[in-house]
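Protein chains: 4
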Amino acid sequence: MNNGVKKIALLTGGGDCPGLNAVIRAVTRSAILNHGLEVIGYKFGYRGLYNNDFVNLNLENVSGILHRGGTILYSSNKDNLFDYQVEENGVKVKKDVSDVAVENLKKEGVDVLVVIGGDGTLTSARDFSRKGIKVIGVPKTIDNDLASTDVTFGFNTAIDVATEALDRLHTTAESHHRIMICEVMGRGAGWIALESGIAGSSDVILLPEIPYDINKIVDKINERKEEGKPFTIITVAEGAKPKDGEVVVSKIVEDSPDPIRLGGIGNKLAEDLEKIIKENEVRCTVLGHVQRGGNTSTYDRILSTRYGVGAVELIEKGLFGNMVCLKGDKLSYDSLENVIGQKTKNVEKDCELVKTAKAIGISFGD
Amino acid sequence: MNNGVKKIALLTGGGDCPGLNAVIRAVTRSAILNHGLEVIGYKFGYRGLYNNDFVNLNLENVSGILHRGGTILYSSNKDNLFDYQVEENGVKVKKDVSDVAVENLKKEGVDVLVVIGGDGTLTSARDFSRKGIKVIGVPKTIDNDLASTDVTFGFNTAIDVATEALDRLHTTAESHHRIMICEVMGRGAGWIALESGIAGSSDVILLPEIPYDINKIVDKINERKEEGKPFTIITVAEGAKPKDGEVVVSKIVEDSPDPIRLGGIGNKLAEDLEKIIKENEVRCTVLGHVQRGGNTSTYDRILSTRYGVGAVELIEKGLFGNMVCLKGDKLSYDSLENVIGQKTKNVEKDCELVKTAKAIGISFGD
Amino acid sequence: MNNGVKKIALLTGGGDCPGLNAVIRAVTRSAILNHGLEVIGYKFGYRGLYNNDFVNLNLENVSGILHRGGTILYSSNKDNLFDYQVEENGVKVKKDVSDVAVENLKKEGVDVLVVIGGDGTLTSARDFSRKGIKVIGVPKTIDNDLASTDVTFGFNTAIDVATEALDRLHTTAESHHRIMICEVMGRGAGWIALESGIAGSSDVILLPEIPYDINKIVDKINERKEEGKPFTIITVAEGAKPKDGEVVVSKIVEDSPDPIRLGGIGNKLAEDLEKIIKENEVRCTVLGHVQRGGNTSTYDRILSTRYGVGAVELIEKGLFGNMVCLKGDKLSYDSLENVIGQKTKNVEKDCELVKTAKAIGISFGD
Amino acid sequence: MNNGVKKIALLTGGGDCPGLNAVIRAVTRSAILNHGLEVIGYKFGYRGLYNNDFVNLNLENVSGILHRGGTILYSSNKDNLFDYQVEENGVKVKKDVSDVAVENLKKEGVDVLVVIGGDGTLTSARDFSRKGIKVIGVPKTIDNDLASTDVTFGFNTAIDVATEALDRLHTTAESHHRIMICEVMGRGAGWIALESGIAGSSDVILLPEIPYDINKIVDKINERKEEGKPFTIITVAEGAKPKDGEVVVSKIVEDSPDPIRLGGIGNKLAEDLEKIIKENEVRCTVLGHVQRGGNTSTYDRILSTRYGVGAVELIEKGLFGNMVCLKGDKLSYDSLENVIGQKTKNVEKDCELVKTAKAIGISFGD
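Residue numbers (the UniProt record's numbering), protein chains in the order written: chain F, 1 to 366; chain L, 1 to 366; chain B, 1 to 366; chain H, 1 to 366.
Hints listed in this document are in silico derivations from the structure and should not be mistaken for laboratory results. Keep in mind the model is a prediction, meaning the values are calculated, not measured. Certain hints may be false.
Calculated pairs, DMTMM-like style, for lysine to aspartate or glutamate (alpha carbon to alpha carbon, straight line, at most 25 angstroms) [stated by the list, open to error]:
#	chain 1	residue 1	chain 2	residue 2
1	B	327	F	352
2	H	349	L	313
3	L	78	F	274
4	L	358	H	348
5	L	92	F	60
6	L	278	F	83
7	H	92	B	38
8	L	92	F	274
9	L	107	L	334
10	H	358	L	60
11	F	330	B	38
12	L	95	F	281
13	L	327	H	38
14	B	43	H	226
15	F	345	F	150
16	F	278	F	366
17	L	229	H	87
18	F	225	F	366
19	F	225	B	38
20	B	349	F	316
21	H	78	B	279
22	F	278	L	53
23	L	327	H	226
24	L	327	L	337
25	B	131	B	316
26	L	6	L	279
27	L	343	H	329
28	H	345	H	316
29	L	229	F	150
30	B	345	B	150
31	L	330	H	350
32	H	225	L	38
33	L	355	H	350
34	F	278	L	88
To be clear about the criterion: a stretch of chain B counts as covered by chain H if any three or more of its residues have a C-beta under 8 angstroms from a C-beta of chain H, and this derived list gives those stretches [unchecked claim]:
#	stretch
35	157-169
36	274-286
Short, incomplete list of chain F residues facing chain L, as computed with Cβ under 7 angstroms [as the list claims (entries may be wrong)]:
#	residue
37	6
38	34
39	36
40	85
Every residue gets a Cβ at the ideal spot worked out from N, C-alpha and C, and that includes glycine.
Throw the hints in and build the complete structure from the sequences for me.
Here it is, written out as structure tokens:
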């Protein structure tokens, strides 16, 4: 490249997310085919950077991976080299080992580090940028809660999986007159629950951003019965929570020391509702890790490819310290300082999508 | 019909199962188109028979339902009219109300009752047959554990759903070096776990019929590491259990009064393994009700249609008191007395499928 | 409503498109639940408006249709009431019967007409607006070629279907060393081919907007062979065409009077390539109508729901003569005059998505 | 092995078929894990055997392929070493080169050759068996038309794909009142059309084994209209044909020298019907190669695994010259002499499945 970049390195960090391989493929192909760059990939995220454990990436070994979930570079959770657990004199201590990483990059002649990850992984990316490393970020999370970008890759696949599950639960709810609860992922954000809830024809959607009143849910269930629909589908985000001071809830908490840890909010809600609703069986399904793996959706394959090619373009333009992002339908970028400096992106109570859901009669329990 | 049958009734009982609607459609179409019969469907299984709550079935209202999960006749669990809960003088008592059902059938002029259900529902069908009602049974259960038939409808759809989930978990296991546990349904039988486990490329399959030794599972995990595969997929039937006297297990039982009720065997196994395996994260997904609903698989649509047409043929031939069944690839029938008299069909430890699984290296923890 | 609107009518026109039912459901639910409006649906598009053939729409009959392809209101192609074929004195003549439609709307007390369709259907909508009818448009087409909106509903489902087909063709291409051609829909626009081509890992994408040189395709095939990949996937839009004066093409035209009519561009390309490439078999699959029907994708269910609710909001605000649209990720609107006055939206040769595709090595045959 | 077998070779021949990789994996794993055999795989079927072009197969390179369509050993069509095209003195001639193959097997020390293929490939397998080579056959074809086995692998995946396509066409047929024709594969046998036709809710199924009368199809279309269903789904096998002497058909043949080659029977039928049915549009979709590739179905993964393990068992028992097969739900075997000596397995006009289809009102045009 004109700006002297000859070799770049990739790493993938954090939880699994469909589209990681598509980004790796797009970065590698674009870097090699258009710019003749050398490309390596550190294995297991930052841990590989610390251990200088990497593979060469080429047209051959990024072939056939566009649609595949997971990451051919492997990943690890919570490996923060600025606060890394090492053993010294037989004792485990935490220390800043980021200089080792910088040294490794220098040793291998890596000019730019492309970091594919969510907020934890990108926080370290910003910190390496502050240390003078040329870094480009790519926004990854099924939760879609990263600031500065309208959409992260992996999100569309996650809501596809959740929606298909809701479709399946629907027929049973209808024919067996059940209250079916489906707990979906999303950590502290309600995006997966909101979008899959709408697409999966839910009657109630519970989000972390809108604490629920169980009585409002019961009202909805009863309202449906009066309309001749003695069944209800509830999509609940794993981070959803009841409003404070709710009697039914605190009673549950008395019975059992830590019901949420054992069962999650979906199971807790099922138990709560079973105490109130006598005529219907209540069942909860916790979707879990099927939302994170498997074949990548059409939408995410395209978005990931755009992000990968966009990352190489940022390198070409010398726009280091930035993350590629999507604004509307346009590819754009924002500084890692800005991305990490903000709070995570949450569902706003009166955003268009929540209002749309309410307009068609979906209750948020508020 | 030559044998005087003019009107038949259908009912669906027990848990949800893909293919119920396909059977309803096939019975109705075949009865009307070929024999000019009148067809009614009792709603909510035996409860509808008791309450004389039914709908007329015709070409119109069985249209468009071949592929749909659930049942347009609704279903209920555990409504046994021979031991039915009624209220007498304000007190709930259990009594035999089967005569009410017999009366209702007479009143509506129903000549034959077609009962679509699993062992509970078919036990009542046998009992009605003993009371002189002309009954035909159709074998329904996703668990495939019904005696006298090689395959029940619903089973193929269930293993399709479970296999797709395993495919999704696979990519995450591989890229994050995890032990992924997937708990599938099946009650006391291991069929779903066995077949989806093989199809989903599992390394370990745990069945109710083969109690497991956790140390054997750990051996398998370690053996895989030595082969360069530091991840393992475990498919566990909900009815699987450890061998008696295992230390690790009883310790868990000490810690918590009823861990199995709260989390199921999958979560218990995850906790047990996390105490032994330190280098890998262990994650459990409990698939739950997505295995019971949603679109019916190609195989089950065909099998259900064959069963439905076969049921009408049994009526035409006057072969009452029988259940349609599949023997090899041939449609056949067996008496309800015989079906119910036998134990449920379980996986045998040395059957061809278990031996096949072992031959390709799958561990059963034994 | 404050603005006096009490009753609205819907109609769906043009070819089939996943999401039609989702829009019908969202308009109906939102209109009834939030504004107490009366809602009717004309059957078979404008033909129903002409014949005053309609159904009342209510919460009951729009239930259970969110995910289903097709339209419960039926549709017809090419029924333009401003140039409508009628029989007069036994002779078929074309005439403007739009006044009959206006009369029917008046007779039924319809205040606003919501028209869901592509450019043909919306052109009539604009013409009714010019006649003083209060009209709201909703942009429908799998081709995504409608001006004024970034995305039409139905498009995402179409590319999902095409991508899945490409995934299937991929394994055969690879193991049998074939040139596999997949012809997708899109009329005069290349959007479906472009996006499914990228997502389906195509090596060559041929668009109506970028006439192709068959020699460039042959170059790509040979280039891949040299890289050790003796197979090639080609996604071709039904509207794609070779550059003028290409020898190979005119030769084909000599052989057969109208090969394109008989086989389409995909088959023509297959024949052309088979004359040049001797070592590989060439196979063409024309996807056809599977791209237009069946279950609606997650993305399209959400977009259609937003459009439906957005249409009712335009009514509430009195913004008649407009079409709802998507700008970036924001719901917006534009006047039907403006939408119809523009040319259809085509792929630009140097847009970001084409450049992205080229960056990862995809050839457009130019 | 006790019988002296130390090394085996695999090859895959003929058209693509989901499950090939699953068989390769099962044979390899079972041979290595249980018997310590050496395993090699010839590339491109018999061509690789002739050219001594092979790879070693081990636990590593058969990993991750269970679900994938295609074959890691590649395949070729129509490479018959007993009548093989070679160049001699610059002239292409056909000759028997099977001795070269036998020599190659000897040279590599291959004790047993496992041949995975359909009737063409297995005919050569029989011929090698006659020459004294120890051969085991595995029955592969999506067409399910191989004698001696109830089911071939690949068939279930093919009907899954066809059924999903029919589901998609259904919604469009219904909402646009169309006659939708779907042409599926199957060569001279009607199995794919019959089973996917039933599962895909077709109204008419046309098979090679039951020549059709177009007037009977028109009758069915009209009968449906009278029942209030002005649309019809027709599944037609690629080998289906009209009865002799039909006027409409011969007229078409006059118009165009070879319409069937250009368009296939589905398109021909569409043209024929359009001349008779004026009120409905007729559309034909030719599914093509999507039926042959892509992810293998759950059923086929299990069946292929059983076949692979079964093949190794036949080797262990010294049962050479046989093909593994499925009889009912039992794994069995039959001699290649017997398999090849019979005609292909066709649908019988009065078999249970055809009668089942007719019982629910499906027309076969006869």
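- Query: Of the hints stated earlier, which fail here?
  - Reply: Hints 4, 5, 7, 9, 11, 13, 17, 23, 26, 28, 29, 33, 37, 38, 39 and 40 contradicted; others consistent.
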